[in-house]
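2 protein chains.
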Amino acid sequence: MHHYVNDKHIAMISPVAWRTPPRAYGAWETVVSNLTEGLVAKGWDVTLFATADSITNAKLSAIVSRGYEEDKSVDPRIVSCLHISEVFEHANSFDLIHNHFDYLPLTYSRLVSTPMLTTIHGFSSHQILPVYNKYKNNYYVSISDSDRVEGLNYLATVYNGIKLSDFTYTDIPGDTLLAYGRIHPDKGFHLAIDAAKKSGLPLVIAGYIQDKHYFEEKIASKVDGENIKYVGTVSVEGRDKLLKQAYAVLHMNTIPERFGLVMAESMAAGVPVVAMDLGSCREVISDGRTGFLVNGVDEAVKAIKKIPEISRQACRKRVEEKFTLETMVKNYEKVYNKIFKLEEKKIQGGVRA
Amino acid sequence: MHHYVNDKHIAMISPVAWRTPPRAYGAWETVVSNLTEGLVAKGWDVTLFATADSITNAKLSAIVSRGYEEDKSVDPRIVSCLHISEVFEHANSFDLIHNHFDYLPLTYSRLVSTPMLTTIHGFSSHQILPVYNKYKNNYYVSISDSDRVEGLNYLATVYNGIKLSDFTYTDIPGDTLLAYGRIHPDKGFHLAIDAAKKSGLPLVIAGYIQDKHYFEEKIASKVDGENIKYVGTVSVEGRDKLLKQAYAVLHMNTIPERFGLVMAESMAAGVPVVAMDLGSCREVISDGRTGFLVNGVDEAVKAIKKIPEISRQACRKRVEEKFTLETMVKNYEKVYNKIFKLEEKKIQGGVRA
Chain A
0 MHHYVNDKHI AMISPVAWRT PPRAYGAWET VVSNLTEGLV AKGWDVTLFA TADSITNAKL
60 SAIVSRGYEE DKSVDPRIVS CLHISEVFEH ANSFDLIHNH FDYLPLTYSR LVSTPMLTTI
120 HGFSSHQILP VYNKYKNNYY VSISDSDRVE GLNYLATVYN GIKLSDFTYT DIPGDTLLAY
180 GRIHPDKGFH LAIDAAKKSG LPLVIAGYIQ DKHYFEEKIA SKVDGENIKY VGTVSVEGRD
240 KLLKQAYAVL HMNTIPERFG LVMAESMAAG VPVVAMDLGS CREVISDGRT GFLVNGVDEA
300 VKAIKKIPEI SRQACRKRVE EKFTLETMVK NYEKVYNKIF KLEEKKIQGG VRA
Chain B
0 MHHYVNDKHI AMISPVAWRT PPRAYGAWET VVSNLTEGLV AKGWDVTLFA TADSITNAKL
60 SAIVSRGYEE DKSVDPRIVS CLHISEVFEH ANSFDLIHNH FDYLPLTYSR LVSTPMLTTI
120 HGFSSHQILP VYNKYKNNYY VSISDSDRVE GLNYLATVYN GIKLSDFTYT DIPGDTLLAY
180 GRIHPDKGFH LAIDAAKKSG LPLVIAGYIQ DKHYFEEKIA SKVDGENIKY VGTVSVEGRD
240 KLLKQAYAVL HMNTIPERFG LVMAESMAAG VPVVAMDLGS CREVISDGRT GFLVNGVDEA
300 VKAIKKIPEI SRQACRKRVE EKFTLETMVK NYEKVYNKIF KLEEKKIQGG VRA
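Top to bottom, those sequences are chains A and B.
For what it's worth, numbering that gives the first Met the number 0 labels the leading residue of the first sequence as 0, then goes sequentially.
For what it's worth, numbering that gives the first Met the number 0 labels the leading residue of the second sequence as 0, then goes sequentially.
Derived from the structure by calculation, the hints contain no laboratory data.
Think of the CB as a built atom: it goes at the ideal place given N, C-alpha and C, for glycine as much as any other residue.
One should not assume that every hint holds.
Said to hold, decoys possible - Restraint-style ranges between C-beta atoms, simulated for each label pair:
hint, chain 1, residue 1, chain 2, residue 2, range
1, B, Ser124, A, Glu298, 48 to 58 Å
2, B, Gly231, A, Gln126, 24 to 34 Å
3, B, Lys240, A, His212, 46 to 56 Å
4, B, Ala51, A, Lys71, 33 to 43 Å
Throw the hints in and build the complete structure from the sequences for me.
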């Protein structure tokens with residue numbers, strides 16, 4: 000028999016694009032895994048709705064055998080609605096549904112009495128806003144203060160947390176610039192290349208190629224294997240090694256960042272970050288203390304020169320205080336308890352339909 | 000105040016690809032419109048869930064302003080789930096939900112107590128079968144006996160009905176062959192061209208180009224404007240005129256036909272049909288009496304020679320008996336009443352969840 004920390008049952012909806020946790024790329028699934036395992040470790044009763052090959056200490060409920068990004072015979076539209084309906088058909092077994100799946104679960108949410116919390120990991124397009132707008136009185140969490148839209152019932156911002164143990168802090172800076180993450184124009188790897196060239200420092204690029212055309216047009220042609228290297232996707236250990244060799248991380252995003260795990264990871268290893276001042280970047284790094292906010296390549300080149308002013312310990316400390324898995328779990332616990340209280344009031348007040 | 004024929008409230012879910020009724024192409028929306036207007040004319044209380052520009056004597060409930068096939072700024076995935084959730088959020092106002100939207104509504108169906116009937120207008124791919132399989136105990140109608148899969152709870156086959164008044168019956172055959180419908184390899188227009196050429200008879204092709212590549216590769220190159228003509232999409236009046244000039248209609252489908260409105264329409268005008276013996280064709284035409292079933296081009300050529308054996312009056316009569324709008328409405332009324340009785344039994348038996 001399991002002894003739980005409380006009598007609440009949580010249904011956690013992960014996306015089914017990738018396994019939870021993902022084998023390599025899969026940002027949303029990573030957060031869901033971290034949160035789920037963190038809650039279970041603290042004694043919460045969590046049922047994870049994810050692909051059948053997912054790995055978890057929670058109860059696993061799966062309709063979809065493999066992620067649709069990993070098995071192209073799977074039709075995303077079809078497995079998505081089967082995955083979601085399975086959660087809602089068991090809504091009565093749960094005190095809270097925590098949705099990390101974007102907009103689709105919202106359209107089922109009014110058909111059950113179990114409250115739902117949606118973490119908005121990003122607005123994939125403007126076209127999805129009518130769905131959020133219709134269901135604006137649901138409960139929402141944003142992943143940064145900057146990644147919010149008007150009118151939604153936000154209960155909190157909860158920053159994504161990282162496993163500190165995955166990152167080895169070192170006092171001694173490396174000698175290469177590093178840019179990593181999914182290879183996509185939004186992430187501005189072409190700007191990182193320009194900044195590195197102008198700085199006269201070597202650049203290592205790592206990450207999953209999400210946009211092949213972009214990679215081939217703007218990146219591959221500039222990779223010379225010496226000053227500009229592309230090393231493919233990296234494992235947790237591989238990433239730690241790259242960070243160890245890094246002088247600074249360049250995060251030259253071209254659109255507002257929603258959160259920016261890369262920046263938190265970098266600082267965890269003690270590596271300062273040069274980031275575009277777009278979206279959440281100014282929430283994640285502390286400008287002038289753990290890195291520099293810039294508005295383009297030329298400013299990035301100047302910032303790279305000032306990296307020695309940054310205390311690598313300050314970088315690590317910022318992560319320990321704000322961006323650990325433990326902090327993320329604690330903040331979600333606060334949100335859950337807030338919802339339980341609000342729901343109790345509704346029942347007492349007879350508001351519940 | 001409206002006086003209804005009974006106290007039942009019907010929610011009719013149309014697709015939102017096109018307006019209901021469609022301006023030109025839109026087979027499912029056509030059937031929904033015909034059924035809805037037929038029921039309303041008989042005094043049923045029907046609420047039609049369709050695009051906002053739809054035209055109906057029923058109550059219209061719309062979330063989507065225009066069909067996603069008519070307005071490419073509309074994301075089908077997003078408007079579909081908003082459209083469907085709107086129905087289910089009002090399920091308590093209805094005694095029956097009649098779904099013509101394919102599989103998505105099934106995944107909401109267990110979250111409400113209102114029974115749902117799904118008319119399966121076609122299995123768009125094998126990948127959707129797991130959805131039907133999960134919800135196999137729902138109520139289903141097939142549109143032909145041949146278009147069924149194992150294990151679903153079918154209550155009946157209800158053939159699509161046509162408006163007899165849209166078709167002018169004439170005793171005198173025309174002198175061209177006619178092939179019409181959506182231009183797609185499934186509909187075998189290339190085989191119709193081969194059969195016409197071998198018969199030495201002129202062929203007129205009409206219809207919406209669904210598969211541009213197919214049209215350009217296999218059809219356009221053979222159109223000479225004389226022996227093989229393509230006349231584009233046609234209005235109701237235009238279709239009537241084409242049928243008046245037709246000696247026979249060629250329906251050379253390459254995959255099993257689900258129902259085959261074209262065959263019913265053709266017979267309504269008194270025009271015999273030469274059809275491939277695949278799927279429902281043998282249910283719609285009476286082989287040797289209202290047309291001929293064939294297994295390829297050569298058999299089609301032989302059949303074309305035998306067209307004078309067919310009584311044009313027998314063609315019209317078959318439609319009057321089996322494929323009119325009135326018959327379709329009457330058959331759906333039977334299915335509805337069957338469901339109301341089954342549901343009453345469930346409530347009496349305490350089976351209802």
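Results for each hint:
Here the CB-CB span from Ser124 of chain B to Glu298 of chain A is close to 51 Å, well matched to the stated 48 to 58 Å. In this structure the hint that Gly231 of chain B and Gln126 of chain A lie 24 to 34 Å apart at CB holds, the actual value being about 32 Å. At about 49 Å, the beta-carbon gap between Lys240 of chain B and His212 of chain A stays in the expected band of 46 to 56 Å. Distance hint check: the CB atoms of Ala51 of chain B and Lys71 of chain A are about 36 Å apart, consistent with the given range 33 to 43 Å.
In summary, the structure agrees with every hint in the numbered list given earlier.
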